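Protein chains: 2
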Amino acid sequence: MTSQYTLHGFFRSGASYRVRIALNLKGVSYEQFGYKLRKNEQNSEAFLKLNPQGFVPALESNDTVLTQSLAICEYLDEIIPTPKLLPDNAIERARVRAFSQVIACDIHPIQNLKILQRLSALGLDEDQVNAWAATTINEGLDACEALIKRQSGPFCFGEDVTLADVCLIPQLVNARRFGASMKWERLMEIEAKCLTLDAFKRAMPENQPDAV
Amino acid sequence: MTSQYTLHGFFRSGASYRVRIALNLKGVSYEQFGYKLRKNEQNSEAFLKLNPQGFVPALESNDTVLTQSLAICEYLDEIIPTPKLLPDNAIERARVRAFSQVIACDIHPIQNLKILQRLSALGLDEDQVNAWAATTINEGLDACEALIKRQSGPFCFGEDVTLADVCLIPQLVNARRFGASMKWERLMEIEAKCLTLDAFKRAMPENQPDAV
Chain A
10 MTSQYTLHGF FRSGASYRVR IALNLKGVSY EQFGYKLRKN EQNSEAFLKL NPQGFVPALE
70 SNDTVLTQSL AICEYLDEII PTPKLLPDNA IERARVRAFS QVIACDIHPI QNLKILQRLS
130 ALGLDEDQVN AWAATTINEG LDACEALIKR QSGPFCFGED VTLADVCLIP QLVNARRFGA
190 SMKWERLMEI EAKCLTLDAF KRAMPENQPD AV
Chain B
10 MTSQYTLHGF FRSGASYRVR IALNLKGVSY EQFGYKLRKN EQNSEAFLKL NPQGFVPALE
70 SNDTVLTQSL AICEYLDEII PTPKLLPDNA IERARVRAFS QVIACDIHPI QNLKILQRLS
130 ALGLDEDQVN AWAATTINEG LDACEALIKR QSGPFCFGED VTLADVCLIP QLVNARRFGA
190 SMKWERLMEI EAKCLTLDAF KRAMPENQPD AV
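Same order as they appear, the protein sequences are chains A and B.
Counting from 1, position 81 in the first sequence corresponds to residue 90 in this note's numbering; the numbering is continuous, with no gaps.
Counting from 1, position 94 in the second sequence corresponds to residue 103 in this note's numbering; the numbering is continuous, with no gaps.
Hints are not guaranteed to be accurate.
No distinction is drawn between identical chains; accordingly, a pair holds when it is met within one copy or between any pair of copies.
Distance condition first, Cα-Cα at most 20 Å in a straight line; then the derived EDC-like pairs of lysine to aspartate or glutamate [unchecked claim]:
id	residue 1	residue 2
1	K202	D72
2	K202	D134
3	K45	D207
4	K192	E54
5	K93	E154
6	K48	D169
7	K123	E40
8	K93	E40
9	K58	D151
10	K58	E198
11	K210	D97
12	K45	E194
13	K45	E69
14	K210	D136
15	K35	D151
16	K192	E69
17	K158	E87
18	K35	E154
19	K158	D134
20	K48	D219
21	K93	E148
22	K192	E148
23	K35	E148
24	K93	E50
By construction, these hints were calculated from the structure, which means they are not laboratory data.
Since this is a predicted model, take the numbers as computed values, not measurements.
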């Protein structure tokens with residue numbers, strides 16, 4: 010049987026990883042199509058027809074293509090309400106979204122491949138480029154750790170996985186890759202817990218069909 | 010009478026401008042507290058108690074502080090449903106959110122003051138820093154124009170203002186400041202329409218109490 014959903018992404022893309030976790034949590038089966046970002050395949054004519062921004066991920070279903078990982082995750086949460094990725098209370102929802110946006114707005118886009126390539130093209134050497142990424146991640150994850158310091162439970166916001174965990178786990182992969190401090194006690198505990206869950210394990214970069 | 014809400018922001022901050030528009034659209038009165046970003050006031054001890062990330066805006070109400078402009082806008086949309094900032098249909102909601110996230114994730118954070126200061130500190134000259142910002146904005150707004158090319162109506166997504174317009178208008182201020190191309194026909198029409206509305210006009214940077 011052909012799956013209803015096709016995820017256009019890349020095994021190492023943190024934003025694609027978020028969507029894979031969300032799809033797995035929701036119990037949705039999907040096919041994957043991988044784009045090698047270093048070969049600029051996301052700017053191929055075929056992909057630009059799906060997403061004129063030329064960014065992965067894009068989630069295709071029937072004749073609909075959705076883009077931007079957080080928008081896709083919220084869409085999945087709306088059409089498949091269980092298990093829910095956002096709390097019921099409006100203030101708590103806002104806190105989960107804010108934590109997610111620290112990662113999706115203020116960390117990840119500043120340290121993604123596209124930006125690091127732009128920095129290299131401006132003459133920065135490899136050490137400077139890696140330091141740029143590590144500084145961005147350290148400052149951002151310091152904020153994340155502080156934002157949940159009054160929360161308890163195994164996940165970012167209590168007893169249940171939320172969008173915050175969906176964003177956190179992929180960011181920690183990049184944190185390690187760029188030599189970030191990894192000194193965040195709560196974030197490390199949450200990561201260990203998440204990675205016991207099948208939905209997170211199956212979404213890991215190394216478990217994707219396009220992994221090299 | 011004291012207002013229930015205090016917006017901690019900065020007149021020139023695009024993310025604060027988004028929240029001002031949303032508050033105005035929802036008919037909420039609010040006080041403002043301005044932080045001079047060039048003087049690093051957002052990293053003062055007092056503000057870090059409100060938002061450990063040290064980023065504006067933050068919306069304070071009673072003893073609650075909410076952060077991240079999109080999370081704040083969605084919160085306001087949930088507790089004050091009229092006029093709504095997101096369509097009822099899940100796919101349309103996802104499209105409005107995706108457009109908003111192109112701006113809030115992929116344009117604005119790459120060209121904000123903090124990043125431009127980091128580029129200067131790495132030795133880039135003023136022309137290089139301004140070109141960095143202009144390139145980021147041009148590529149991002151090209152994507153925005155493409156994402157709504159099949160939409161009609163005076164606003165980004167039809168006959169009603171949505172979160173997409175709330176994000177677009179502040180970004181266009183930065184686009185002009187950095188000498189972006191401003192060649193986007195639909196975006197320019199939408200801007201002209203939005204700026205006829207009182208909620209947008211009152212939110213403009215030059216109309217804020219901390220404007221200089």
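Comparing the hints with the structure gives:
Taking identical chains as interchangeable, the C-alpha atoms of K202 and D72 are never at most 20 Å apart, the minima being 37 Å within one chain and 31 Å between chains. Taking the shortest alpha-carbon separations for K202 and D134, neither the intra-copy value of 37 Å nor the inter-copy value of 46 Å comes in at or below 20 Å. Proximity of K45 and D207 under a CA criterion of 20 Å is satisfied in neither setting, with 26 Å inside one chain copy and 47 Å between copies. With identical chains, the CA atoms of K192 and E54 are never at most 20 Å apart, being 43 Å at best within one copy and 23 Å at best between copies.
Neither within a single protomer nor between protomers do K93 and E154 lie at most 20 Å apart by alpha-carbon distance, with minima of 23 Å and 33 Å respectively. Neither within a single protomer nor between protomers do K48 and D169 lie at most 20 Å apart by alpha-carbon distance, with minima of 38 Å and 40 Å respectively. In the homo-oligomer, the alpha carbons of K123 and E40 never lie at most 20 Å apart, since the shortest distance is 25 Å inside one protomer and 39 Å across protomers. Within a single copy, K93 and E40 get their C-alpha atoms no closer than 23 Å, and across copies no closer than 35 Å, so neither meets the 20 Å cut-off.
For the identical chains of this complex, K58 and D151 are inter-copy neighbours only, at 14 Å across copies versus 38 Å inside a copy, given an alpha-carbon limit of 20 Å. For a Cα distance limit of 20 Å, the shortest separation of K58 from E198 qualifies neither inside one copy, at 41 Å, nor across copies, at 24 Å. For the homomeric pair K210 and D97, neither the shortest alpha-carbon distance inside one copy (27 Å) nor that between copies (34 Å) is at most 20 Å. Within a single copy, K45 and E194 get their C-alpha atoms no closer than 34 Å, and across copies no closer than 33 Å, so neither meets the 20 Å cut-off.
In this homomeric assembly, K45 and E69 come within 20 Å of each other (Cα to Cα) only inside a single copy, at 18 Å, whereas the closest approach across copies is 44 Å. In this assembly of identical chains, the alpha carbons of K210 and D136 never lie at most 20 Å apart, being 31 Å within a copy and 46 Å across copies at closest. For the identical chains of this complex, K35 and D151 are neighbours neither inside a copy (30 Å) nor across copies (33 Å), given an alpha-carbon limit of 20 Å. For the homomeric pair K192 and E69, neither the shortest alpha-carbon distance inside one copy (38 Å) nor that between copies (30 Å) is at most 20 Å.
In this assembly of identical chains, the alpha carbons of K158 and E87 never lie at most 20 Å apart, being 28 Å within a copy and 25 Å across copies at closest. For a Cα distance limit of 20 Å, the shortest separation of K35 from E154 qualifies neither inside one copy, at 26 Å, nor across copies, at 32 Å. Proximity of K158 to D134 under the C-alpha cut-off of 20 Å is found in neither arrangement, the shortest distances being 36 Å within a copy and 40 Å between copies. Proximity of K48 to D219 under the C-alpha cut-off of 20 Å is restricted to the intra-copy arrangement: shortest distance 14 Å within a copy versus 47 Å between copies.
For the identical chains of this complex, K93 and E148 are neighbours neither inside a copy (29 Å) nor across copies (34 Å), given an alpha-carbon limit of 20 Å. When the C-alpha separation of K192 and E148 is checked against a cutoff of 20 Å, the pair qualifies only within one copy, where the shortest distance is 12 Å, while the shortest distance between copies is 36 Å. Taking the shortest alpha-carbon separations for K35 and E148, neither the intra-copy value of 31 Å nor the inter-copy value of 33 Å comes in at or below 20 Å. For a Cα distance limit of 20 Å, the shortest separation of K93 from E50 qualifies neither inside one copy, at 34 Å, nor across copies, at 38 Å.
Checked against the numbered hints given earlier, this structure breaks hints 1, 2, 3, 4, 5, 6, 7, 8, 10, 11, 12, 14, 15, 16, 17, 18, 19, 21, 23, 24; the rest are met.
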